[in-house]
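S.K.: Respectively, the protein sequence lines represent chains A and B. For the first sequence, this note's numbering gives the first residue as 1, with consecutive numbering after it. For the second sequence, this note's numbering gives the first residue as 1001, with consecutive numbering after it.
Treat the hints as calculated values from the structure; they're not laboratory data. Take the hints with a grain of salt, since some may be wrong.
As the list claims (entries may be wrong) - Below, simulated DSBU-like cross-link-like pairs (lysine-lysine); rule was C-alpha separation at most 30 Å, straight line:
| hint | chain 1 | residue 1 | chain 2 | residue 2 |
| --- | --- | --- | --- | --- |
| 1 | A | 191 | A | 93 |
| 2 | B | 1031 | A | 89 |
| 3 | B | 1085 | B | 1031 |
| 4 | B | 1081 | B | 1031 |
| 5 | B | 1081 | A | 109 |
| 6 | A | 93 | A | 109 |
| 7 | A | 58 | A | 89 |
| 8 | B | 1085 | A | 58 |
| 9 | B | 1081 | A | 191 |
| 10 | A | 191 | A | 58 |
Claimed, not checked - Sample of chain B residues at the chain A side, in silico, Cβ under 10 Å:
| hint | residue |
| --- | --- |
| 11 | 1105 |
| 12 | 1126 |
| 13 | 1236 |
These figures come from a predicted structure and were not determined experimentally. Glycine included, each C-beta is placed from N, C-alpha and C at the ideal position.
The lines below spell out each chain.
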Amino acid sequence: MSARPIATTRSATGIPTGRLAVWWVIVSEITIFGGLIGVYLMHRLGHPEWAEAAVHTKTWFGAFNTLVLLTSSFTAVLAHQAAERGNGKQAAKLLMMTVGGALTFLVVKGIEWADEIQHGYTITSNTFWSFYYTAAGLHALHVIAGAIIMCFIAADAVRGRELHRVELIGIYWHFVDLVWIFLFPLLYIAK
Amino acid sequence: MADHQPAQSSSDERVQRDEHADHDEHVDYRKIYFTLLALLVVSVAGPFLGILWVTLVTAFGIALVKANLVLQNFMHMRTEKRVIKWILVSALALMGLMVAGVAPDVMRHEGQNWVNVAARDAVARGLSGGHAEDEEGEEEIEVVPEVDPTVFSAGATFNITCAVCHGEAGDGAGPAGVALTPSPANFTDPEFWATRDADRIFTVIRNGAVAVGGSPLMVGWAFAYDDEQIQELADYVIAFRPGGQ
């Protein structure tokens, strides 16, 4: 048996096992975020009064965080490119820049939420704010999880180990970006 | 899966790398990134025009374009095996099915035999009260009305409890009422009021129609409501009387 038979071999689908697994994770995430967003849409359309609550979300905070996540997706895909070329050091550096994006996102989110909570908009204010904190909060947990995993992968990559994992975390990270791409217009633009 | 050998796995790695080299050559990530940023600017600028359909297009249309760019180029869906597309599409289709199935119940607040009183009240409350902004545009603490489901409302109680037989319009044509003999009282019928007064209405709601020699189908509600609430219900019923009280 090979020393490392799991992630490097091909599965029946012709897709490396690790990558297939990440896609399955994303499929389950689609049902989680899709369900949340679907339910939000139904309530938003059934409750005209939500427009009055939605007015108070801070578009510029949302827009800046979209910029941050798009940029971090860009560095994540560049890290993948570097890993493909066998340049683990470069891949690790770009992954850490992505982690920087994740941290920036969380800091901005923290400032935004602190301000909103100070103004009395909390998760129990009304159903709109419940959705707002639930959806953005669940997304923020994914950002935190991604950042932690990227640190581990970068630590390996810098030594030239497990470079295929750079692509795997990248796919996950782009998905986190995708979710935000939809949360941004839902919570900040269409109001 | 189980029959792989070391030699095979190393050649597999080479195949993977070749596949990746494929999208490596053809995708200009920088160009995709700047396109995404330009689209972000458009989606933020859209609402400034103040036109609803422009806002919706720049918000959700552009979100779909951005999502597709990320999916095709950053997640390499363009060169990914087809089975992945099918898995993702299946998940999205099931989501759509769930939403389509639930949406009518959530988005509508009343149907043939039901009323979502809580949702309807929430809309009414939200549209009448709500947030407050002073002239400088600075936000004040939102006054969130305390929602207490235990607060009694004669109208809501009538629509939930009484209207099943008597109908929301008080005309005795509630969904369960049509099956009853004798028919439930029609509060909009002047003849009905010829022999009724406020005290009698109160007594019947409180102790049931049997207390005044009427049908046992109209049960008493003293176990559920106190006298003050029953008085409010009686007033609500009397308000159906044609030509006022």
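S.K.: Compare the structure with each hint and give your call.
M.R.: Quick rundown of the hints versus the structure:
Restraint check: the Cα-Cα separation between residue 191 (chain A) and residue 93 (chain A) comes to about 39 Å, which exceeds 30 Å; the hinted pair is violated. As the CA atoms of residue 1031 (chain B) and residue 89 (chain A) are separated by approximately 24 Å, the hinted pair is consistent with the 30 Å bound. Under the criterion of a C-alpha separation no larger than 30 Å, the hint pairing residue 1085 (chain B) with residue 1031 (chain B) is consistent with the structure, at around 24 Å. A threshold of 30 Å between alpha carbons decides the hint, and for residue 1081 (chain B) with residue 1031 (chain B) the separation of about 24 Å falls inside it, so the pair holds.
The hinted pair formed by residue 1081 (chain B) and residue 109 (chain A) fails the criterion: a straight-line CA distance of about 36 Å is larger than 30 Å. Restraint check: the Cα-Cα separation between residue 93 (chain A) and residue 109 (chain A) comes to about 24 Å, which is no more than 30 Å; the hinted pair holds. Between residue 58 (chain A) and residue 89 (chain A) the alpha-carbon distance is near 38 Å, which puts this suggested pair outside the 30 Å criterion. As the CA atoms of residue 1085 (chain B) and residue 58 (chain A) are separated by approximately 35 Å, the hinted pair breaks the 30 Å bound.
A threshold of 30 Å between alpha carbons decides the hint, and for residue 1081 (chain B) with residue 191 (chain A) the separation of about 39 Å lies outside it, so the pair is violated. As the CA atoms of residue 191 (chain A) and residue 58 (chain A) are separated by approximately 11 Å, the hinted pair is consistent with the 30 Å bound. At about 9 Å, the closest approach between the beta carbon of residue 1105 (chain B) and any beta carbon in chain A falls short of 10 Å, and the interface hint on this residue holds. A cut of 10 Å between beta carbons decides the hint on residue 1126 (chain B): the least distance to chain A is about 3 Å, and the hint holds.
Proximity of residue 1236 (chain B) to chain A is violated relative to the hint, the smallest CB-CB distance being about 26 Å (cut-off 10 Å).
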